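In my numbering, the protein residues as written are 5 to 174.
In case anyone wonders, no lab produced these hints; they're calculated from the structure. Remember, it's a predicted structure, so these values are computed and weren't measured experimentally. Some clues are possibly wrong.
[Claimed, not checked] Label-pair ranges, simulated between beta-carbon atoms: (1) Glu37 <-> His16: 17 to 27 angstroms; (2) Glu56 <-> Glu32: 30 to 40 angstroms; (3) His135 <-> His155: 20 to 30 angstroms; (4) Gly30 <-> Leu65: 40 to 50 angstroms; (5) Glu95 <-> Leu24: 12 to 22 angstroms; (6) Leu65 <-> Pro104: 43 to 53 angstroms; (7) His173 <-> Pro33: 34 to 44 angstroms; (8) Glu139 <-> Thr97: 36 to 46 angstroms; (9) Cys31 <-> His135: 22 to 32 angstroms.
[Said to hold, decoys possible] Simulated pairs of lysine-lysine, DSSO-like, Cα-Cα distance not exceeding 27 angstroms: (10) Lys52 <-> Lys112; (11) Lys52 <-> Lys41; (12) Lys112 <-> Lys41.
Just so it is clear, CB atoms sit at the ideal spot from N, CA and C, and this is done for glycine as well.
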Amino acid sequence: MDIVEVILYDHHEQRRRFALLDEMHGCEPSDLEPVWKQLRILLEVHAKAEEELFYPALMELGTGAGGKDSAGDETEDAIHDHNEIRDAIGEVTRHPAGTPQWWDAIAKLNEANGDHMAEEEREGLTDFRQHASLELRHRLGLSFSIFESAHAAGIEPHDIDPDEYVHEHE
5 MDIVEVILYD HHEQRRRFAL LDEMHGCEPS DLEPVWKQLR ILLEVHAKAE
55 EELFYPALME LGTGAGGKDS AGDETEDAIH DHNEIRDAIG EVTRHPAGTP
105 QWWDAIAKLN EANGDHMAEE EREGLTDFRQ HASLELRHRL GLSFSIFESA
155 HAAGIEPHDI DPDEYVHEHE
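Required output: the full structure, derived from the provided sequences and hints.
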């Protein structure tokens, strides 16, 4: 288990779940709700696992990649993105499944999440691959997978101040 590969796998799964929802227009809310619930949990738990395990290690080892000058810049941007994703999840949950407002909120969430994943793959994951040992990547990959399994029923999402987060992990 390489944490970079685990994160990339989760990104693929997130894209797959959004694609599944794209194919479900016109479906009953009772069909949409379990698919949405599973995606929501995946997004929330994945972000929290990154915040607990990946970004602290990146802050320790990284030097910046993909246009960012430092691991701190990468991390601050990622935490900001996670907050935007949490806010977008909150907007989805304010609307009944299958309504036009719900679909609009899903589209905005997909866009925010897609932008975040692309940046993270280009910046943080590249930086980590370049600086972390395979042993560390393996150890963190196991921890990341265990964290996700332990929280498979979901977590209570909370926004994090990006500046405070970076300051705490410098």
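So, going through the hints one by one against the coordinates:
1. Range check, Glu37 to His16: about 23 angstroms between beta-carbon atoms, so the 17 to 27 angstroms window is met.
2. Checked against the hint of 30 to 40 angstroms, the pair Glu56 and Glu32 passes, with Cβ atoms roughly 36 angstroms apart.
3. Range check, His135 to His155: about 27 angstroms between beta-carbon atoms, so the 20 to 30 angstroms window is met.
4. The given range of 40 to 50 angstroms is respected by Gly30 and Leu65, whose C-beta atoms sit roughly 48 angstroms from each other.
5. Look at Glu95 against Leu24: about 20 angstroms separates their beta carbons, and that is inside 12 to 22 angstroms.
6. Look at Leu65 against Pro104: about 46 angstroms separates their beta carbons, and that is inside 43 to 53 angstroms.
7. The beta-carbon spacing between His173 and Pro33, approximately 41 angstroms, falls within the hinted interval of 34 to 44 angstroms.
8. One distance hint, 36 to 46 angstroms for the beta-carbon pair Glu139 and Thr97, holds here, with the actual separation near 40 angstroms.
9. Between Cys31 and His135 the CB atoms are about 45 angstroms apart, so this pair departs from the stated range of 22 to 32 angstroms.
10. A distance of roughly 20 angstroms separates the Cα atoms of Lys52 and Lys112; the hinted pair therefore holds under the 27 angstroms criterion.
11. Distance restraint check for Lys52 and Lys41: the Cα-Cα separation of roughly 17 angstroms lies within the 27 angstroms cut-off, and the hinted pair is therefore satisfied.
12. With a CA separation close to 17 angstroms, the supplied pair Lys112 and Lys41 stays within the 27 angstroms bound.
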